[in-house]
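Chain residues, written in single-letter form:
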Amino acid sequence: MVRALGDFDLAEELVQEALLEAVEHWPAEGIPQKPGAWLLTTARHKAADQFRRRARYREKLAQLEGDGMRVDTAEGDDRLRLIFTCCHPALSREAQVALTLRAVAGLTTAEIARAFITSEATIAQRIVRAKRKIVEANIPYRVPAEHDMAERVDEVLAVLYLMFNEGYLATAGSHASRRDLAEDAAWLAGLMVRLMPQQPEALGLLALMRFHLARAEARFDQSGGLMLLQDQDRGGWDRERIASGIALLERAALIQRPGPYQLQAAIAACHVEARSWEETDWRQIILLYDALLALAPSPVAQLNRAIARRYLDGAQAALDDVEALADPLDNYYLFHATRAELLRDLGRDSDARLALTRALSLTENPAERALLEKRLA
Amino acid sequence: MKYVLLFTDSKDRARQWDAMPEAQRQAAYGPINDWFGKYSGKITGGQELQPERTATTIRFNNGKAVVTDGPFIEGKETIGGYAEVTVADLDEAIAMAKEWPTGGPVEVRPVIDRGEPQR
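These protein sequence lines map, in sequence, to chains A and B.
Per the numbering used here, the first sequence starts with residue 1, numbered consecutively.
Per the numbering used here, the second sequence starts with residue 378, numbered consecutively.
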């Protein structure tokens, strides 16, 4: 393995992985006739995964290949079993994320540790514990039964969305490895779409990720400062990615089972399809938020709906909606930042400054802080 | 594979249960009996426990046993009973636990298999 890969650490890690897999499979399936060859083959498969993953822009590649391409069935079933086991609800969310990145996306523990700004030992321990639980509690290695499927797919998508946000919300520049995490999550969502083409929420989540990624570069100015949607250079958006996202959403709509990811993607589509901030279809966006709130009520979605109302019904109407969310969102910096914007629109400058100060006390993110400080100045 | 389902209940609900008139309690047992009936083929053991007020805890202070009144931890939940089930895997145990009718949390734990001969 070392000779083939020219990388001892990688080879060692892959063989370790293969051994772990052996420990998990052999008790149930029996020891294969040539255990040595089995291990080598398994380790080689894992190596192929690694290189596939390391190809630059592989999410981009997947997008160009088209999302309709199906993974051949035997390999596909195996991957699905792996995904569903890694994202089993009996594992903690942290463990699900680490295991999925390790076993499905093929990241090394060092890469996962960098992406989550934590130590390699922490990630390694998380993975070891999760694997131990899989074995000791006998978490089955299989695609869930039909009656469990919807719930289990939701669980997988929640893991991928968390992974995506973790990467996407990271600041520019200094944390490039975290940005890669968003690409990894999109690649995994693409894999889910190819493996389960009839799951509309997987299509919706992949579309949502593509719309966000299409705007990823335009979110920051040259000095790494945060650019708001209304100020972004729309010419800098990745049109190909947007088009592929729209195609995914249309495919999802044909299945006629709407869900929260499809609706969030549809809202993002309204933004990316508007040629300018002024041409944004706020009426449509509010209707989509209503549908989203009916399916998955959340104060954050209500806040976003209120922001959209500002452009349709004015700042006072929006502020009334926002104030009603004071209770659940008092510790959310965007609640106070939004309030500040609306208060300033209404000429209530001193109230606006108070709200901005409160917002500033609630975020650690340097790019977000810089933006708020600029407004306070 | 064997698992134990630990049936817990909030203390408030456990107290209500305790205070129920006998006839009402019998009626409330209906769904629980149905659950045991449905899974009788999978259930290989278990007991219902007397309420928490009957609990006695033995603690060890530098090796010396100290007997105290009450449960071993003071929490919002109390253990009401347990069932040992023999099923294929964790998913099957979870599926059973999901149908437990009292509304209390159910903890699922695999039983350590020491490979002892079946009697």
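It is possible that part of the hints are untrue.
Derived lysine-lysine pairs resembling DSS-like cross-links, with alpha carbons at most 25 Å apart [claimed, not checked]: (1) K133/A to K379/B; (2) K133/A to K475/B; (3) K475/B to K388/B.
Worth flagging that the hints you see were computed from the coordinates, not collected in a lab.
Now for the hints, and whether the structure bears them out:
| no. | hint | in the structure |
| --- | --- | --- |
| 1 | K133/A to K379/B | 15 Å, holds |
| 2 | K133/A to K475/B | 20 Å, holds |
| 3 | K475/B to K388/B | 20 Å, holds |
In this structure, none of the earlier numbered hints is contradicted; all agree with it.
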